[in-house]
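Engineer: As you go down the protein sequences, you meet chains P and R in turn.
Number 349 in this note's numbering belongs to position 339 of the first sequence; there are no gaps in the numbering.
Number 16 in this note's numbering belongs to position 34 of the second sequence; there are no gaps in the numbering.
Source of the hints: derived by calculation from the structure; they are not laboratory data.
Careful, some of the hints might be misleading.
Unchecked claim - Straight-line distance between alpha carbons at most 16 angstroms, and here's what the computed EDC-like set of lysine to aspartate or glutamate pairs gives:
no., chain 1, residue 1, chain 2, residue 2
1, P, K428, R, D4
2, P, K301, P, E275
3, P, K414, R, E21
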Amino acid sequence: MTKFNAWNVIKNGLNGQSYWTRQWRDPEPKSSYDVVIIGGGLHGLATAYYLAKNHNIKNVAVLEKGWIGGGNAGRNTTIVRSNYMMPGNHEFYEHSLKLWENLSHELNYNVMFSQRAHVSLFHSPGAKDSVSRIYNIMRLHGTDAELWDLKTLKKKIPHLNYHNSRFPILGAAVQKRAGNARHDAVAWGYARAADTLGVDILQNCEVTGFTRKNGNIESIQTSRGIIKGKKIGFAVAGNTSVLWQMAELGNLPIESHKLQAFVSEAVKPLLDQVVVYGVGGAHFYISQSDKGSMVFGGDLDWYKSYAQRGNLPMVQDVAEAAMAIFPSLGRIRLLRHWAGVMDMTMDGSFFICKTPISNLYLNAGWNYGGFKASPASGWYFADLIANESPHNYVQNHNLERFEKGINIDERGAGPDPKLHG
Amino acid sequence: MIRINCPYCGERDHSEFSYGGDATINYPSLDASEKEWTEAIFFRKNIKGFQFETWHHSNGCRMWLVVERSTVTHEIKSVKPCHPDLQRVVENNK
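Generate coordinates for the entire structure from the input sequences, incorporating the hints supplied.
Structural biologist: So this is what it looks like as C-alpha cells:
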C-alpha cells in the first residue's frame, strides 16, 4: 500500500498516477481467525483497526454482507460532536472527538474533519436553561462549550430567520470543536489502515447461521463458506436483532427505525457551521458539504422499519423545518434523500458489552449518533474484546442496566425507542 | 405513504396515525419478578417481517388499533380495534 505523502503525490503526478497500489486487499476467507467482527461499517472497521493497533491482535476478519461504506456509513449527515451530559457518555464522546482531531494523521488518510462549530439554537427561556445545564456539565468535564447571545449569533449567521414568531431565536449553545467529516473517507481510511496491519476485509460475505459448541459460537456460516472465530463481535447497527435471534439469544432492548437524510444541489458558500434547530423548536440539523450541497435531516419516520427508504410525510416535515429557520433555501432543489436503519434503544444509549455467550461481544444501539461515535466505539469495543472486561467509561453500557435501574437516558424520554432522537 | 384501513373511519394516510409499538407484549402480574417486568418493558423481538403492532388514530377517531404490517415492505395484512369487545362490535356491524 502506497503511503500518502508529498513525495508520492509529486512522483505519481510525474508518472501519470501509475504507481498507486490498491487501497486494501480482497482476500479469500481463511478458515479461522482470532477475532471475527460481523459488520463492515465504521464501527466494525474501527474495531478491527484498534484490535491490530492497540492490542496487537492481527489475525482478524471483518465480514460485510454488501460493500464497506454501503450501509449507515454512507447514510448519515456526518455530524461530529460531544455534547453529552450523562456519566460514561460524556467521557466516551469526548474521547471520540479527540480521536477525530487526529484521525487523518493516524490513518494517513484525509477524512476531511472540519471543526466548524456545532450551533444549537434555542427558542425559549426554558430551553436556554435546559441547554445551559448540559453545556455547563460539559465544561465541568473539560469539554469546550459556550453560549452565544443573539447579537453574536446574528453576526456569525446573519441569514437565519430571526423573525420566526412561533419559535423566536434567542441564542445558541455552541461547541466550537465539533463539526463534520467526509463519511466515505472514514470507512476507506479505517479499511486501508486495518488492512495494512493484516486485517482481512471480506466483502459480499453475509452471515447465514451460527454453529454452537459447549455454549460458545464455534463457527459462522457465511455466503463465502464456514469461518471459525475464537472471539466474535457484532457491529451491525439496525440488523442487530436479526443476528441476535440467529444466535438464539432472544430479545433485545432495541427497535429498528429509519432515519432520512437529504442532500441538495451544490450552491456557493452559504453556511459555515453545523446548525441545529432543535432545542425547544422542531428537530432539524443542517450543514454545507465541501462540494457545496446542503446536507440536512430531521426526525425518524416514527414507525418501526427495516426498509432503507424514507417516506414522504417526513420529507414534508423536514422541508417545513428548513423553511422555518432558513427561508433562503426556498428555491433550492433536492438532489437525493435516503434512509438508514437505526438501532434505537430503550434509553437512547449504546451497548458495548459481553453477552450470554462467552466468546460473543456486542456493539450496538447507536440511535442517531453512530457516525461521531465510530472512533471511540472501535477503541472501546477492541478493548473489551482484547481484555475481556469493559473500560470504566462503558461499564454501564450493557444489557443488564435496565434491570438494575441505571438507564443512561440523556433525554429522559423513557422506554420508547422512537423518542430518543 | 402507508394507507391504514381504520375500522371506524375507513382508509386513511398513515400521517393521521401515531405508531405505538409491539402489540404482543404480555404484561406480567404486579407481584411478578423484576426480571419478568424488565423483559416486558424493555426487551423486544424487533421482528424483520410481519408483526402485530399498535397504532393510534390520533388525528382521526383517536381509537387504538392493532395492525399486522411488514417491517420490510410496509404491506398491511389486517387492521383491527385493540379492544376485543370493540372488535366484536365491529364484526357484528359488518
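Engineer: It remains to establish, for every hint, whether it holds in the given structure.
Structural biologist: Evaluation of the provided hints:
1. The hinted pair formed by P:K428 and R:D4 meets the criterion: a straight-line CA distance of about 12 angstroms does not exceed 16 angstroms.
2. At most 16 angstroms may separate the alpha-carbon atoms for a hinted pair to count; P:K301 and P:E275 meet this at roughly 9 angstroms.
3. For the hint linking P:K414 to R:E21, the alpha-carbon distance of about 12 angstroms falls within 16 angstroms, and the restraint holds.
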